[in-house]
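Make a model of the complete structure from these sequences and hints.
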Amino acid sequence: MQKLLKIAGNTMLVPVLAVLTAMLIGAVVIFIAGGNPLYAYLGLFQGAFGSAKAWSETAVWASPYIFAGLAVALAFKGGLFNIGAEGQLALGAVVAAWIGYALPDALGISLPTIIHLPLAILLGMLAGALWAAIPGALKAYTGGHEVINTIMMNYIALNMVSFLLNGPMKDKNPNNVIARTPEIAESARIPVIFEGFRIHWGFVLALIVAVIVWWLLWKTTLGFEIRTVGANPAAAKYAGINVKRTIILTMALSGLLAGMAGAIEVSGLNYRHELGFSIGYGFDAIAIALLGKTHPLGVVLASILFAGMRNGGTRMQFLTQIPVDVISVIQALILLFVAADAIIRYIYRVRAREERLVLTRGWGG
Amino acid sequence: MDWRRFGVIALVIIILFSVVVLIGKTKDTPIVIITSLLATTIAVATPLTLGALSGIFCERSGVVNIGIEGMMLAAAFFGWLAAIYMNTIFKIAPLPSLIAGVIAAILTGGLFALLHAVLSITYKVDQIIGGTVINILAVGITGFMNRQLFFEKGSIFGGQVPHAPGVLPRIQIPFLADIPVVGRIFDQQPVTIAAILLVILSHYVLFHTRWGLRTRAVGEHPRAADTVGINVVFMRYANVIIGGLLAGLGGAYFTLESVPSFEPLLTNGRGFIALAAMIFGNWSPFGAWAAALVFGASQAFQIKLQLFREVIPSQWAFLQNAYIVGLAPYILTMLILTGIIGKTIPPAADGVPYEK
Numbered sequence: 001m002q003k004l005l006k007i008a009g010n011t012m013l014v015p016v017l018a019v020l021t022a023m024l025i026g027a028v029v030i031f032i033a034g035g036n037p038l039y040a041y042l043g044l045f046q047g048a049f050g051s052a053k054a055w056s057e058t059a060v061w062a063s064p065y066i067f068a069g070l071a072v073a074l075a076f077k078g079g080l081f082n083i084g085a086e087g088q089l090a091l092g093a094v095v096a097a098w099i100g101y102a103l104p105d106a107l108g109i110s111l112p113t114i115i116h117l118p119l120a121i122l123l124g125m126l127a128g129a130l131w132a133a134i135p136g137a138l139k140a141y142t143g144g145h146e147v148i149n150t151i152m153m154n155y156i157a158l159n160m161v162s163f164l165l166n167g168p169m170k171d172k173n174p175n176n177v178i179a180r181t182p183e184i185a186e187s188a189r190i191p192v193i194f195e196g197f198r199i200h201w202g203f204v205l206a207l208i209v210a211v212i213v214w215w216l217l218w219k220t221t222l223g224f225e226i227r228t229v230g231a232n233p234a235a236a237k238y239a240g241i242n243v244k245r246t247i248i249l250t251m252a253l254s255g256l257l258a259g260m261a262g263a264i265e266v267s268g269l270n271y272r273h274e275l276g277f278s279i280g281y282g283f284d285a286i287a288i289a290l291l292g293k294t295h296p297l298g299v300v301l302a303s304i305l306f307a308g309m310r311n312g313g314t315r316m317q318f319l320t321q322i323p324v325d326v327i328s329v330i331q332a333l334i335l336l337f338v339a340a341d342a343i344i345r346y347i348y349r350v351r352a353r354e355e356r357l358v359l360t361r362g363w364g365g
Numbered sequence: 001m002d003w004r005r006f007g008v009i010a011l012v013i014i015i016l017f018s019v020v021v022l023i024g025k026t027k028d029t030p031i032v033i034i035t036s037l038l039a040t041t042i043a044v045a046t047p048l049t050l051g052a053l054s055g056i057f058c059e060r061s062g063v064v065n066i067g068i069e070g071m072m073l074a075a076a077f078f079g080w081l082a083a084i085y086m087n088t089i090f091k092i093a094p095l096p097s098l099i100a101g102v103i104a105a106i107l108t109g110g111l112f113a114l115l116h117a118v119l120s121i122t123y124k125v126d127q128i129i130g131g132t133v134i135n136i137l138a139v140g141i142t143g144f145m146n147r148q149l150f151f152e153k154g155s156i157f158g159g160q161v162p163h164a165p166g167v168l169p170r171i172q173i174p175f176l177a178d179i180p181v182v183g184r185i186f187d188q189q190p191v192t193i194a195a196i197l198l199v200i201l202s203h204y205v206l207f208h209t210r211w212g213l214r215t216r217a218v219g220e221h222p223r224a225a226d227t228v229g230i231n232v233v234f235m236r237y238a239n240v241i242i243g244g245l246l247a248g249l250g251g252a253y254f255t256l257e258s259v260p261s262f263e264p265l266l267t268n269g270r271g272f273i274a275l276a277a278m279i280f281g282n283w284s285p286f287g288a289w290a291a292a293l294v295f296g297a298s299q300a301f302q303i304k305l306q307l308f309r310e311v312i313p314s315q316w317a318f319l320q321n322a323y324i325v326g327l328a329p330y331i332l333t334m335l336i337l338t339g340i341i342g343k344t345i346p347p348a349a350d351g352v353p354y355e356k
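Chains as they are written, first to last, in the numbering used here: chain A, 1 to 365; chain B, 1 to 356.
Keep in mind that a hint or two might mislead.
Cross-link-like lysine-lysine pairs, in silico, DSSO-like; alpha carbons within 30 Å at most [to be verified]:
| hint | chain 1 | residue 1 | chain 2 | residue 2 |
| --- | --- | --- | --- | --- |
| 1 | A | LYS244 | B | LYS124 |
| 2 | A | LYS3 | A | LYS219 |
| 3 | A | LYS6 | B | LYS124 |
| 4 | A | LYS219 | A | LYS6 |
| 5 | A | LYS219 | A | LYS237 |
| 6 | B | LYS124 | B | LYS356 |
| 7 | A | LYS219 | A | LYS244 |
| 8 | B | LYS124 | A | LYS237 |
Keep in mind that the hints were calculated from the coordinates and are not lab data.
Laid out in structure tokens, this is it:
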């Protein structure tokens with residue numbers, strides 16, 4: 001146990017110091033912008049964790065972060081950089097929304113929750129998986145780099161979703177002027193955990209999925225193959241692992257998780273897909289995966305931190321008039337210090353204990 | 001840059017232009033349509049051209065830079081901000097304000113590039129991660145400052161966006177711009193003209209000077225370069241910063257030349273498309289420019305079709321939809337990366353930190 005704590009302490013030291021350093025610089029930014037940093041951070045903490053309602057809202061924010069963070073982390077483990085979580089998430093959400101509001105009418109029957117809800121989530125996940133498998137296959141068979149391809153697929157997904165939400169899937173209610181789908185049926189909604197709070201079972205599901213991802217990566221043959229391909233594709237090939245298949249599978253699994261983030265957000269919180277809600281999740285997911293050291297437990301902790309900051313930011317803005325966007329600056333700084341851990345190690349005189357995360361050797365070609 | 005690839009580029013542009021001419025022939029003569037398409041193509045290709053040149057300098061010296069998107073976004077914002085400050089607060093005339101804005105944009109690009117250089121060269125951070133940090137940082141800073149300065153009560157501009165000092169004036173190239181009809185192509189704004197001159201200059205610097213030879217040496221085989229006395233770290237720093245300055249000029253295009261306003265996330269992926277242009281152009285300035293023109297053409301195609309909306313025949317109705325036509329550059333980028341239009345070879349040491 002003591003040994004375990006020591007390992008955890010060593011692994012978490014740099015991320016914790018990175019967060020503290022970023023908050024410190026954030027305090028300077030808040031001060032320059034004319035706010036009181038202490039007051040601002042007090043508001044941030046109150047808003048994030050100060051009451052039962054604050055905890056509930058933080059968990060609501062954290063749910064999609066955990067799924068999307070796990071998506072990016074899993075791809076990292078396989079040596080792939082999935083910047084496309086945003087597009088996969090948007091498609092997962094649009095499919096889940098369609099199943100949620102249109103399927104009962106299309107079939108002409110009303111579906112029980114036990115069928116309708118899982119179907120919406122599963123098909124949303126599948127949409128994300130297929131969308132991510134395309135850049136995976138392009139990487140495996142043509143060498144087209146997944147970084148640019150997943151970004152392009154983000155824009156394609158965004159265009160497609162804009163087209164759908166402004167046209168065929170638009171809420172036909174005469175009062176509606178915005179690009180959004182109709183509300184999903186009651187039978188496609190995830191119930192809340194406590195009456196009166198918005199926290200829903202999607203959060204619990206996120207925690208379970210984090211355990212499953214951990215199990216998959218470290219306790220199964222597929223996980224071993226994913227990690228081996230990520231660490232050294234040449235060695236993996238030599239060891240008889242089908243590298244191409246593993247790359248496509250890794251991307252598909254990553255997209256599956258990102259699609260789940262979107263589906264859960266629709267069925268657990270928004271009850272519809274409104275255009276633009278997905279924007280920003282892709283970059284946040286990358287930051288969370290890196291802050292969590294690409295480990296499922298780390299991703300969960302980082303998600304709760306980021307969720308708390310987003311949630312508490314509103315209270316902070318109310319108290320100090322500092323725009324909530326300052327949170328994005330602090331989060332970018334956190335990512336900066338996590339990525340450039342050498343800076344943190346230098347400032348705080350911490351010795352390196354682990355190997356550096358290497359993702360790319362150029363464009364591969 | 002082989003002829004097969006130039007052929008593909010020409011073919012794509014011809015197809016795109018032909019569709020527009022066929023649709024618009026009832027409204028305008030073909031020569032007028034083609035002229036205006038070409039003029040738009042050259043103009044909208046500008047940020048892609050500059051972004052690609054930025055990537056070329058970075059990667060020829062061995063540093064992958066996916067932060068160009070963020071550098072352009074930050075440059076677009078700070079360039080615009082500088083121009084507004086000059087014009088509204090210091091009451092300086094529009095043109096000098098705009099020029100100050102361009103300089104601020106270029107310097108912003110250079111500053112972000114310096115950060116990328118520190119991360120990837122000194123601290124040997126994974127270069128894709130370093131670039132992502134730049135992108136996220138740029139979104140955060142521009143979003144925060146945009147809100148703080150313009151939309152908050154008690155902010156310096158009193159909660160509203162002040163009038164920008166307009167956009168950079170057109171420069172008519174002597175003689176060429178006077179040709180009837182076709183002259184329109186040579187009637188462009190300064191950043192666009194600078195981009196074309198910089199393509200030529202970059203080609204000269206990279207392939208005909210000692211600096212270029214050294215740059216390519218540290219990008220291909222840094223150890224050999226080090227052995228013959230080339231300072232690898234210095235060369236990489238210098239080229240990454242040159243790249244940043246170029247990306248900064250590309251950012252200036254958005255807010256000082258194209259439209260006189262800023263909105264969050266306005267670069268809309270063009271920094272990444274620029275990288276695809278760089279790859280398709282095989283890391284050479286002229287090749288990258290040609291590739292940037294293809295993307296420019298697909299954008300001009302989209303813009304023109306919007307103008308000809310009402311005369312689009314019903315069997316081609318999908319062309320009326322901006323969301324569908326807007327997919328062209330992104331799909332084109334992915335097709336190019338598959339290598340079916342010819343494989344390209346990156347610099348050998350691209351993306352690999354140099355360990356002495």
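Against the structure, the hints come out as follows:
1. A:LYS244 x B:LYS124: holds, 29 Å
2. A:LYS3 x A:LYS219: Roughly 21 Å separates the two Cα atoms, so the pair holds.
3. A:LYS6 x B:LYS124: holds, 27 Å
4. A:LYS219 x A:LYS6: Distance ~23 Å between A:LYS219 and A:LYS6 Cα, so the pair holds.
5. A:LYS219 x A:LYS237: holds, 21 Å
6. B:LYS124 x B:LYS356: This hinted pair holds, its Cα atoms lying about 12 Å apart.
7. A:LYS219 x A:LYS244: Roughly 21 Å between the alpha carbons, so the hint for A:LYS219 and A:LYS244 holds.
8. B:LYS124 x A:LYS237: It holds: about 28 Å lies between the C-alpha atoms, which stays within 30 Å.
Hint violations for this structure: none, all hints satisfied.
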